[in-house]
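Novice: Construct the complete structure from the given sequences, taking the supplied hints into account.
Going line by line, the protein sequences match chains V and S. For the first sequence, position 299 matches number 299 in our numbering, and the numbering has no gaps at all. Every number in our numbering is 392 more than the matching position in the second sequence, counting from 1.
Source of the hints: derived by calculation from the structure; they are not laboratory data. Mixed in with the good hints, there may be bad ones.
Said to hold, decoys possible - Between beta-carbon pairs, the in silico distance windows are:
no. : chain 1 : residue 1 : chain 2 : residue 2 : range
1   : S       : 534       : V       : 104       : 39 to 45 Å
2   : V       : 274       : S       : 509       : 40 to 46 Å
3   : V       : 26        : S       : 509       : 49 to 55 Å
4   : S       : 512       : V       : 297       : 51 to 57 Å
In this text the structure is predicted, and so the values were computed from the model without any measurement. Glycine included, C-beta positions come from ideal geometry on N, C-alpha and C.
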Amino acid sequence: MSRLTAGSQSSLREANKGLLVDTIKQFGGLTQVELADATGLSAATVSTLVKQLTESRLVEVRPTSRSGRRAQLVTLARATGLAAGVHVGHRSLRVLLSDFNREIVAEQSMPLPREHPMDTVLDRVALLIVDMLELVASSLDELAGIALGLPAPVDVSTGMLSVRGVLPGWDSEHIGEVMGKRLGRPVYVENDANLGALAQMTFGATHPYADSVYVRASYGTGAGVILGGRLHRGFGGTAGEIGHVQVDPYGHICRCGRRGCLDTVVGAEALLASLQTSHGPLTLRDVITRAVDGDPGCSRVLADAGRTIGRVVAGVCQAVNPQAVCVGGELADAGSVFLAPLAEAVQEHILPNRVAPMEVLASPLRGDEVAKGALVQVLDSTDLFAQGGDGQ
Amino acid sequence: MTNRPLTHPAHPPAALPPPCPPSPPGQPPLPRTPVLCLQGITKRFGAVEALLDVSVQVHEGEVVGLVGDNAAGKSTLAKVIAGALQPDTGLIELGGEPVQIGSPSSAHALGIATVFQDLALCENLDVTANLFLGRELKRSGLMHDGQMEAHTRSVLHDLRANIPSIHTPLNQLSAGQRQAVAIARTLIGRPRLVVLDEPTSSLSVAQTAEVLTHIERLRDLGLGVIFISHNLTDVRAVADRIEVLRHGQNNGTFGPDAAQSDLIGAITGATRFGGLGG
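Specialist: Quick look at the structure:
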């Protein structure tokens, strides 16, 4: 490509600075030599830019060693402390570390086995957080707290699941306390859809609205309700548990012990079972990928699920009259195949409001809303000035 | 123990095991032949039967977990698939065609890539050199560095591997990053099947998380994967099917829903499967 005449020296420098910051974000912490290699900039340029970025307090430099030699580890500068947001899904684990400016400094995902037992998962979460803190040259002292999002209703005051059987293996213990013992930091336990709603309200699709509903369509289905700009959990934390609304009076028995819940019709097991004869054994991820690629069977299953969930969401909308409904979760990743029938069903079954028609929106925070909501939860629950010291 | 004469691979035994069925029993017919099908594999070392009549199938885009106690024959089976060992008897089919895997290089030519427990990487060479070790791309007799580097970048990108620079010598990478390099190495030369022998055994949780994510990526790329491990949590996280080996014999096939206790029962031999008469 010919030399760009429009670009001045200073705009080039700004672009290179942006590249450096993005690269550091991607890898957590890097030495200057590694930075030069990863960005393709010369060592001299990296050195100059790092110096400038350090002066403007965007990055920090710490001494470290690489294969026995002294080196300078460059990390993002942190505002006072760190927060850990953890999303424990049915088949995956997502951990984000952020500073108090809500800047993500490290992220990690991990597949989990089905019916994962609590002890194994919490062990992995604890070790993962310690590993990630090390990656960004920090330690547990700097961690203000950990929030865990779980796919089950949580009684926030005790940190226990408020309904038995919904998440097998996690019922018996006080989850916040068990996790607190492992890391020695404050632990907040919360329902995943509630955290998703919090993230959407803070920096997602429902940011402009005071009353909104976030629907999480994943291996199971749930919803988080925001009323007057605040999360509405309900007395026992079961507000918005749409996965356990009856949709089929003659249906299968649900994990919660009742018959024909929404989850028995649109939960991952039900969706996969209906594809068993035609498509053989699949995973939910396969179904979503194939639906996106236009597989008719997989698309149909997701469209039907969208319609069924939409009817239940319409009921929630009648109860709380939100300005917007935001839909996230793995099924929403399939896009309009799933979202269009859902939106249609919602609109069809709510009272048409001629003053302010309700909107149905797709989540812009693909896959990360629960972990990000967990970060918001920690940051909102931590009093900065009570932390003591500024963390530097 | 009867000391039967070894059957040379060139002269198959009189009673050949039946060819692979198109799909595992008990499941609906799938319109695909397995990438790899092992039937009745037996391998003896003197009087020791390391593998006895072992059968395993792997389909496209399927992760098969191979679990078992020490000395159950997991690594021997990996070596048979990788061409490092020759089975005494048994049939190997790749994509429906009977094949003989005479050496590791013929395994590579057939599209089988293996990552052994010790990784077999060169500590002093950089990431690109390790990926292309022994099969460097050449142009008019000289190494084609540009193309190798471009290919390395695209493979690491496919895996979403977190390796800052492809010019870093291996001794500067973490154990998890080395494992990622070893897995990326398997993707050079467009394989159909990847065999991973204990890829998470000596890794921290963060590194294990990355390797498990890489295995999911391999599956999404449409490859067949055999994932050998001791750690049932890791195997159950990514496997579509779990095969248990015990004393060199098959001891049960489990779906991904299998409970941990059932798997342990099969590994210890508390439960026996398939009339193996052990």
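Novice: Compare the structure with each hint and give your call.
Specialist: Against the structure, the hints:
1. 534/S x 104/V: 39 to 45 Å: The hint (39 to 45 Å, Cβ to Cβ) holds, given that residue 534/S and residue 104/V are roughly 44 Å apart.
2. 274/V x 509/S: 40 to 46 Å: Holds, since residue 274/V and residue 509/S (Cβ atoms, about 41 Å apart) stay within the stated range.
3. 26/V x 509/S: 49 to 55 Å: 30 Å Cβ-Cβ, so the 49 to 55 Å window is violated.
4. 512/S x 297/V: 51 to 57 Å: Roughly 43 Å apart at Cβ, these two residues miss the hinted range, so it is violated.
Checked against the numbered hints above, the structure violates hints 3, 4; every other hint is satisfied.
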